[in-house]
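**Q** Letter by letter, the chains look like this.
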Amino acid sequence: MSKVKPSFWGLGLAALVVFPLIVTNPTWTTIGVFSLLFMACATSWNMFSGYSGYVSLGTGIFYGCGAYTMALVSEHAHMAGGEAQFWLVPLAGLVAMVVAVPVGAIALRVRRHTFVVITIALFFVFQLLAINASFTGGAAGISLPLIPWLFNYYNLPFYYVALGVVIFATLLSAAVRRSRFGLQLLAIRDDEDRALGLGVRVTAVKLTGFTLSAFAIGMSGALYAMFVGQIYPQFVFDPNFDITVALMAFLGGFGTLLGPLLGGLILEASQQYLTLYFSNSSLYLILFGVLFLLVILFMPQGIVPAVSKLWAGRGAKRDRESTAETVTNTAKGTVVEPTPAGAKP
Amino acid sequence: MVTLLEATGVSRSFGGVKALAGCSLSVEKGSITGLIGPNGSGKTTLFNVMTGYVKPDSGTVFFDGHDVTNARPNKIFALGVGRTFQLTRIFARITVIENMLVATQRDESWLRGLTRSKSSKSELDAAMEWLDFVGLSQLASLQAGSLSYGQRKLLELAYVLVADPDVILLDEPAGGVNLTLINEISDKILALNRDGKTFLIVEHNMEFVMKICHKVTVMHQGCDLVTGTPEEVRSNPAVLDAYLGSSDDEMEDATNG
Numbered sequence: 097m098s099k100v101k102p103s104f105w106g107l108g109l110a111a112l113v114v115f116p117l118i119v120t121n122p123t124w125t126t127i128g129v130f131s132l133l134f135m136a137c138a139t140s141w142n143m144f145s146g147y148s149g150y151v152s153l154g155t156g157i158f159y160g161c162g163a164y165t166m167a168l169v170s171e172h173a174h175m176a177g178g179e180a181q182f183w184l185v186p187l188a189g190l191v192a193m194v195v196a197v198p199v200g201a202i203a204l205r206v207r208r209h210t211f212v213v214i215t216i217a218l219f220f221v222f223q224l225l226a227i228n229a230s231f232t233g234g235a236a237g238i239s240l241p242l243i244p245w246l247f248n249y250y251n252l253p254f255y256y257v258a259l260g261v262v263i264f265a266t267l268l269s270a271a272v273r274r275s276r277f278g279l280q281l282l283a284i285r286d287d288e289d290r291a292l293g294l295g296v297r298v299t300a301v302k303l304t305g306f307t308l309s310a311f312a313i314g315m316s317g318a319l320y321a322m323f324v325g326q327i328y329p330q331f332v333f334d335p336n337f338d339i340t341v342a343l344m345a346f347l348g349g350f351g352t353l354l355g356p357l358l359g360g361l362i363l364e365a366s367q368q369y370l371t372l373y374f375s376n377s378s379l380y381l382i383l384f385g386v387l388f389l390l391v392i393l394f395m396p397q398g399i400v401p402a403v404s405k406l407w408a409g410r411g412a413k414r415d416r417e418s419t420a421e422t423v424t425n426t427a428k429g430t431v432v433e434p435t436p437a438g439a440k441p
Numbered sequence: 013m014v015t016l017l018e019a020t021g022v023s024r025s026f027g028g029v030k031a032l033a034g035c036s037l038s039v040e041k042g043s044i045t046g047l048i049g050p051n052g053s054g055k056t057t058l059f060n061v062m063t064g065y066v067k068p069d070s071g072t073v074f075f076d077g078h079d080v081t082n083a084r085p086n087k088i089f090a091l092g093v094g095r096t097f098q099l100t101r102i103f104a105r106i107t108v109i110e111n112m113l114v115a116t117q118r119d120e121s122w123l124r125g126l127t128r129s130k131s132s133k134s135e136l137d138a139a140m141e142w143l144d145f146v147g148l149s150q151l152a153s154l155q156a157g158s159l160s161y162g163q164r165k166l167l168e169l170a171y172v173l174v175a176d177p178d179v180i181l182l183d184e185p186a187g188g189v190n191l192t193l194i195n196e197i198s199d200k201i202l203a204l205n206r207d208g209k210t211f212l213i214v215e216h217n218m219e220f221v222m223k224i225c226h227k228v229t230v231m232h233q234g235c236d237l238v239t240g241t242p243e244e245v246r247s248n249p250a251v252l253d254a255y256l257g258s259s260d261d262e263m264e265d266a267t268n269g
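Keeping their order, the protein sequence lines are chains A and B.
So in this note's numbering, spot 82 of the first sequence is number 178, and the numbers just go up one at a time.
So in this note's numbering, spot 169 of the second sequence is number 181, and the numbers just go up one at a time.
There may be inaccurate statements among the hints.
To be verified - One side of the interface only, derived from the structure: several residues of chain B facing chain A at Cβ under 7 Å:
#  : residue
1  : 85
2  : 86
3  : 89
4  : 90
5  : 103
6  : 105
7  : 110
8  : 114
9  : 125
10 : 130
11 : 133
12 : 136
13 : 140
To be verified - Short derived list, chain A residues pointing at chain B, Cβ under 8 Å:
#  : residue
14 : 229
15 : 282
16 : 292
17 : 293
18 : 295
Source of the hints: derived by calculation from the structure; they are not laboratory data.
No experiment lies behind these values; they were computed from the predicted model shown.
Quick reminder that beta carbons are idealized off the backbone N, C-alpha and C, glycines included.
Bound-form chain A, shown alone (with noise of 0.2 Å):
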C-alpha cells in the first residue's frame, strides 16, 4: 500500500530512538511518552477501523482495560514498583483482546452509523462498570506502586517501551495489509455483501481484525496507568480519548500505514506542548479547530494521501515525455483512496 521509501521509515525511526538521547528536558521527553503511546493506539485502531471501514468509537474500552490489567496485578501481587511491572503490558494487552471478542461479537451485528453507536454505547457500559464495580477501587481510583527511579531517568525506560509498542503495532498493521486477510478487511469496506459472495467469512474476518486490535491498545493503556502511577475510572475510560485516536487517524490519512503515526505524533505532541504552556487558556482547542478545518478544506483524505498525491503529481510533470494521463498517476500515486474520505461515516 504505501510506497513510502525504505529509507524514510528508517530515518523516522532513528529520530525516534535518538530523540530522548539528544533532548533530555523530562517536560520533552513526557511529550514523546505520551505521543508514542496515542501513535501506538492510532495505528492499532487504524489497521481495524481504517481497513474494514467499521468507525469504532469504543477504542477506550481497550486502553481503559490495559490500564486496570496493569493496576490490578501489580496491586494483588504486591509488585514492587520498577522495571517488573513491563512484564505486564503483553498480558494487559491479551486481556484486552479477551474483552474485545464479546465486544466485537455484539457491536460487529451491525454496520455504518450503528456500529459506531453500539461501540459508544459499550464504552459507557465499561466506563460505568469501572466507576461502580467493587474491584476497581471505584471513582477514587487505583494508586500503583511508586517506582523509585531518578527524575532525569524516569522517562527514558517508558519512552523505549512505548516506542517497542509503536513499531510492533506498526509492523501488524504491514503485515496484514500485505495479508490475504487484510484484503478481505478492505473488500469489506467497499462492498461487504458481495466480499461474503465471494467466500470472504466476513463475520470471523471482521472479529479477528477487532480483537488484534485491541491488543496494541491495551498495551499504551497499560503503560499509560504505569507511567502516570495513579488512575481513575474517568480519564482511562474517557470518551475523548475514542474521539481523538479516531480524528488522528483521519488527520494522518485513514486506512493509510504512515497516516495514523503521523496523526498521532502531531495532535498529542501539539496539545501536549499547547497545555503545557498555555494551561488553562483552551487555546489548543481553538488552534485545533483551525488545524481540522484547514485540513477538512484542503485535503480531505488526511495529509499523508494528499501530499503524497501532490508529490505524485510533481514527479509526472517532471518527465512528461510520455502524455500520461491522470489515471495513470493515481495509478503510481500509492497510498491513495480516490473517493474523498467524505463519503465515509
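For chain A, the structure is supplied; the task is to place chain B on it using the hints.
**A** Chain B only, in chain A's frame:
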C-alpha cells in the same frame, strides 16, 4: 442430463408482498438456462435465495446433491455457485487485480488468511489469465473504481470466474452496456459453456436470451410459468399474457425475438 442446481417450491414474502410463491427451477449441468419475466416477477429474489442472500420461507434449494437451502452465501460460493449482481458490484477502492484476488480463496480457512500473503504465484497467474480473457489485463493495477460501467461488468464476471465455479448466475449481464459489448459478453459465455461451465441468466434483452440459452424459464408473479426451449417459450400464449398483463413494452421484444 444431470440437474446441477435445483430450487423446488420456493416461497418468500417481504411484508405483504409475495415475491416468490412456490417457484421451482432446475438448471441442468452444462446448459445455459435463461430466466425471464416481467419486472417484479421475482427473478432477482430467486437468485438471492439460490445464492444464500435471502432465506426462503419455504421450499428447498439443492446444488449438486447438497442441500443449500439455508446456507450462507460464502458457503454456497465455496461449493461452486458464483454470481454477479444486477447493479454491478466491485470493490472500488482496491486495484483490479486485488479485486480478482479476493475471490481466489474459495474454501480457505479464515485463519489461513492471516498467515499467508495476498496472493500466490499461481493465483496471480490465474487472475491475470481471466483478466486477459475479458480483456482487462492492461488495467490490472488501476483502482477498480476508475473503470467504466462496461468494464466493471467484465471485471465482475472475471472475478467470479477466477474461483472456478461450476455454475454461474448472471443477473442482467447485458443490462446497460452497448451492443458491441453485449456481443462480446455473449461470445464469452458461449466459449465458457463449451468448456463445461453451466449458466443461469436473468436478462431482459430477448435477443440475447434467445441467441444463447438452451432452455428458458418464464417467471410471473413469483411462480415459474413456462419452461422450454426458446422457440417454445416464444410461441406460448401464457407467456404473451404474462407480458401483456404488465405495463412494460417487453411484449414486443418477446414476440419479435
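**Q** Taking the hints in turn, state whether each one holds.
**A** Going through the hints against the structure:
no., hint, verdict
1, 85, "holds, 5 Å"
2, 86, "holds, 5 Å"
3, 89, "holds, 5 Å"
4, 90, "holds, 5 Å"
5, 103, "holds, 4 Å"
6, 105, "holds, 5 Å"
7, 110, "holds, 6 Å"
8, 114, "holds, 5 Å"
9, 125, "holds, 4 Å"
10, 130, "holds, 5 Å"
11, 133, "violated, 14 Å"
12, 136, "violated, 12 Å"
13, 140, "violated, 16 Å"
14, 229, "violated, 34 Å"
15, 282, "holds, 5 Å"
16, 292, "holds, 5 Å"
17, 293, "holds, 5 Å"
18, 295, "holds, 5 Å"
The structure does not agree with the numbered hints 11, 12, 13, 14 stated previously, though it agrees with the rest.
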